[in-house]
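**Q** First to last, the protein sequences are chains A and B.
Going by the numbering used here, the letters in the first sequence line up with residues 1 to 289, in that order.
Going by the numbering used here, the letters in the second sequence line up with residues 1 to 361, in that order.
I should point out that these hints are in silico values taken from the structure, not numbers from a laboratory.
This one's a predicted model, so the numbers in the text were calculated from it and none came from an experiment.
Quick reminder that beta carbons are idealized off the backbone N, C-alpha and C, glycines included.
Be a bit skeptical, because a hint or two may be false.
Okay, the calculated beta carbon distance ranges per label pair [unchecked claim]: (1) A:53 x B:140: 48 to 56 Å; (2) B:290 x A:53: 30 to 38 Å; (3) B:143 x A:114: 53 to 61 Å; (4) B:346 x A:255: 46 to 54 Å; (5) A:61 x B:144: 40 to 48 Å; (6) B:136 x A:52: 51 to 59 Å; (7) B:88 x A:48: 32 to 40 Å; (8) A:52 x B:132: 20 to 28 Å; (9) A:283 x B:132: 30 to 38 Å; (10) B:273 x A:255: 19 to 27 Å.
Each chain is listed here by its residues.
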Amino acid sequence: MRILSIKDILFKRLLFVAALLILLICAGIVYTLVSGSYGTFVRFGFFHFITSTAWNPTIGHENYGALSFIVGTLLTAFVALLLCLPFSLPVALFTGEYFRGKKIASIISSVINLLAGIPSIVYGLWGFYTLRPIMNHLGWGQQGFGLLTSAIVLAIMIIPYASSLSSEFISMVPKDLKESAYSLGATRLEVIKNVTFPVAGMGIFASYVLALGRALGETMAVTMLIGNTNNLPTSITATGNTMASIIANQFGEADGLKLSSLIALGLLLFLITAIINFIGKMIMKKFAA
Amino acid sequence: MKIVNSLLLATVAIAMVACGSGKKQQSTLSLAGAGGTFPLPYYTLAFKTYQDSNNVNVTYGGIGSGGGIRSLKDQVVDFGASDAFLSDKEMATMSPVIHIPTCMGAVVLAYNLPQVKNLKLTGDIIADIYLGKITKWNDPKIKAINAGTVFPNKKIIPVYRSDGSGTTYIFSDFMSKVSPEWKNSIGTGKSLKWSVGMASKGNPGVAGTIMQTDGAFGYVGSEYAFAQKIAYAQIKNALGEFVVPNTESISKAALGDMPADTRCMITNSSAPGAYPISCFTWILIYKEQYYKNRTMQQAQGTVNLIHWMLGPEAQGMTEKVNYVPLPAKVIANAEAQLAEVTYKGRLLTVGSKAKSAALTK
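Sequences are here, hints too, so could you generate the full structure?
**A** Encoded structure:
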């Protein structure tokens, strides 16, 4: 018995250290971001920085603002979410409701989950060599580059995140509820519309919030397709830059105020992602209660 | 307390493992450098060759020119490498640093017009394209200097680098020298504010976009363009000659007037036959090699390595990876500087020209 209790204590300590370490790392990241971006916020002011569309790295005329990239990030992520909806929701219904527990459902869901395992550079290359010429042919975007092109690729990338979680929530809808609806003469479509969605709705919503978080931070595929121009996007097919893509592009040779501004963008992205995750968690909590 | 102890133990264990692996190589001298990515393919090849025949371990980190200068400033490397020389202001903040050019390269203007061979361009036309004033390939200004060539009525799509880059710096330095309008509106820098065109990341990105896009036009590092066999233009140099970028014409750019410490941009060179958008890349070392407890062996090893880099074996290797060797005049210049390197105030031996310590003070 004594040996067991020592093991128990050791295990507890180990867990404590692991948890503490994660907290410390997170705090370290926040500290680095804040201290690194301090110079920019002092120079331009927090509100001016997030509302300015300027991005001029010419020495002597240096002026940096984050608005173009915040808009680019939110626009690509939300359009991607919208585009992934008509694919991920049917998949979730298929695997979580119509064919729940069947072999075909498990095959389809594992194929969809495979999408999550493809490296983003592969999505980027596919977009560059396959999707871009199509977009160019259709006359969308500048030579096929643009927010829409990256949003389409992002949509494909986030389908597995959205569909697998919503499928879980859909399959969790109590059988009694559905059966009572059937007994009242409801068709399957009516059951989905009036029972499944209202019950699982919040959970489905939360899974889309998590998928959105994934879309916000994606870098490589977006960098290859968005066109990388530092301006406020004027339309959905225009070229632009997201916060992640401009950091990926400019960080290597940046110094001084520019480096500080890029780190400030990183901090803003961190905040936006944190807020979105927080909202997602709140909604899930509400759903569970 | 226990947690702290176990953490300490783990740290000590890791440190011991690290020391253990270090000890094995004690007989081999290790040199470390960091800097630009532009010469990385050449340095990788050269250092590997040197390592194989000299029992000296040379590591090089391609972290960007800015990072290379920072590493030398922090005295964490034996040598730094940069595509840009240190400004007087930067020099003033460090102990004396010498610049040793190691090889040359250029920036070429690549284009995608399958029908057009031997395109000729001037700085003014390039400026007009990037400023959005010339938008079609059959613009009268382009036709005027390309007599006999038929141009399609196609839109010109200028492409530029989305990432900060020495390539952009060299290109914009040349453009600012030849076009006052460029100087005022775009300027010189590693990343710039552009008004028209598309952006792509890295030389592969720009070259890829040009090759895929009909009518595209953009600047690419010569080491990448030569390897890719992409079509590029002849550029008008300071003497009014239209010059094709190749080993010979890029090398000639270093024959113009130059300060003894080689700290200058050789764009728009006044030498005949010179390709105007050429550049050096430098290795930077401290003139006084004793810092941060470096040993005499390390100091001598660094000088030996750099001397070898200036020799025929290393210079002959440049063309294999699409760089350009230094002309004899520049090598003499660099050797003269290398001869002044000291360790604790005493001159180090460079190559066969043994300079004994007695010759100095």
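**Q** Now tell me, hint by hint, if it's right for this structure.
**A** Verification of the supplied hints:
1. As the Cβ distance of residue 53 (chain A) to residue 140 (chain B) is approximately 36 Å, the hint placing it in 48 to 56 Å is violated.
2. Hint check: residue 290 (chain B) to residue 53 (chain A), Cβ distance near 51 Å, so the stated range 30 to 38 Å is violated.
3. For the pair residue 143 (chain B) and residue 114 (chain A), the supplied restraint of 53 to 61 Å holds, since their beta-carbon distance comes to about 54 Å.
4. The beta-carbon spacing between residue 346 (chain B) and residue 255 (chain A), approximately 36 Å, falls outside the hinted interval of 46 to 54 Å.
5. Between residue 61 (chain A) and residue 144 (chain B), the C-beta spacing of about 34 Å breaks the proposed range 40 to 48 Å.
6. Range check, residue 136 (chain B) to residue 52 (chain A): Cβ separation about 35 Å, and the 51 to 59 Å hint is violated.
7. The beta-carbon spacing between residue 88 (chain B) and residue 48 (chain A), approximately 34 Å, falls within the hinted interval of 32 to 40 Å.
8. At about 24 Å, the CB distance of residue 52 (chain A) to residue 132 (chain B) agrees with the hint of 20 to 28 Å.
9. For the pair residue 283 (chain A) and residue 132 (chain B), the supplied restraint of 30 to 38 Å is violated, since their beta-carbon distance comes to about 48 Å.
10. For residue 273 (chain B) and residue 255 (chain A), the Cβ-Cβ distance of about 37 Å falls outside the hinted range of 19 to 27 Å, so the restraint is violated.
Of the hints listed earlier, those the structure fails to meet are numbers 1, 2, 4, 5, 6, 9, 10, in rising order.
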